[in-house]
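Enquirer: All chains should be built: construct the whole structure from the sequences, respecting the hints.
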Amino acid sequence: MEITVQEFKHCDMITIKGRVDSATAPQLAQALETANDAGKYKLVVNMRELEYMSSAGFRALLAAQRNSKRYNRGEVVLAVVPERIGEALELAGFTELFKTFDDPLSAVGHF
Amino acid sequence: MQSIQFPAKFDFLDEIRDFVGRIARAGGFGSKEVYSIQLATDEAASNIIEHAYEGINNGVLEISCGMQGSAIKIVLVDHGEPFDPSEVPMPDLKADLSERKIGGLGIFLMRKLMDEVHYDSQPGKNSNTLTMIKRKR
Numbered sequence: 001m002e003i004t005v006q007e008f009k010h011c012d013m014i015t016i017k018g019r020v021d022s023a024t025a026p027q028l029a030q031a032l033e034t035a036n037d038a039g040k041y042k043l044v045v046n047m048r049e050l051e052y053m054s055s056a057g058f059r060a061l062l063a064a065q066r067n068s069k070r071y072n073r074g075e076v077v078l079a080v081v082p083e084r085i086g087e088a089l090e091l092a093g094f095t096e097l098f099k100t101f102d103d104p105l106s107a108v109g110h111f
Numbered sequence: 112m113q114s115i116q117f118p119a120k121f122d123f124l125d126e127i128r129d130f131v132g133r134i135a136r137a138g139g140f141g142s143k144e145v146y147s148i149q150l151a152t153d154e155a156a157s158n159i160i161e162h163a164y165e166g167i168n169n170g171v172l173e174i175s176c177g178m179q180g181s182a183i184k185i186v187l188v189d190h191g192e193p194f195d196p197s198e199v200p201m202p203d204l205k206a207d208l209s210e211r212k213i214g215g216l217g218i219f220l221m222r223k224l225m226d227e228v229h230y231d232s233q234p235g236k237n238s239n240t241l242t243m244i245k246r247k248r
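Residue numbers (the numbering used here), protein chains in the order written: chain A, 1 to 111; chain B, 112 to 248.
Read the hints as simulated data drawn from the structure, not as lab findings.
Glycine included, every Cβ here is placed at the ideal spot set by N, Cα and C.
Hints are supplied without guarantee of correctness; some may be wrong.
[To be verified] To be clear about the criterion: a stretch of chain A counts as covered by chain B if any three or more of its residues have a C-beta under 8 Å from a C-beta of chain B, and this derived list gives those stretches:
# : segment
1 : 13 to 25
2 : 46 to 57
3 : 65 to 73
4 : 88 to 95
[To be verified] Taking lysine to aspartate or glutamate pairs in the EDC-like style, the calculated list, with each CA pair at most 16 Å apart, reads:
#  : chain 1 : residue 1 : chain 2 : residue 2
5  : A       : K40       : A       : E75
6  : A       : K69       : B       : D207
7  : B       : K184      : B       : E144
8  : B       : K143      : A       : E51
9  : B       : K205      : A       : E96
10 : B       : K143      : B       : E198
11 : B       : K223      : A       : E90
12 : B       : K223      : A       : E75
Expert: Printed below as a string of structure tokens:
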């Protein structure tokens, strides 16, 4: 798994590439925490190149959403969710917790 | 059934998913079902590594996988602490963000993605067996 962070005027985009499982989810959690710790609470998670995500990744997203939404200071949104990952998120009841966008730029434009 | 012993470490989840994915694809499952089978197996293995082998560095996880008629059967055997997934409460998927529980999600997914999930622990033998079955639609 690879993570890149891109800063926009009103939000940061965190792009995840590859596979997120129990081995790699701590890296994702760390990237999200680092953003939050830097005062970045408006976050786009770009999943265009994400191949796989287990519940370990879902938990990292949930923790970041909780922290970001506190005091109405921001939120985590998801962009370009691959079909299989979207189905698993749906099954886990996560789709109501995150706004999703079909392309990264409309997600950035949301903020 | 093909069997492979894996070190009970998260770093081997990739290989575990490849192993069951290969057999599922060869058995005629479509890509959506192959993903489901890989995800369920990952969740099962992750739970064993995290809970059954908590604090143990040299645990072994034996995974057997094969087609039985039009169904795939996956058996995970460990020698750690008994951990019965059916005793884990189901997460409340309607709970709002602040009340959403972080645990139990993997087990919930396993049960939703597979047709059958059975757990059997034999304390005398120090052996726990998790069996999952998914039938072709």
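Enquirer: Tell me, in ascending order, the numbers of any earlier hints that this structure violates.
Expert: Checked against the structure, the hints that fail are numbers 10 and 12, while the rest are satisfied.
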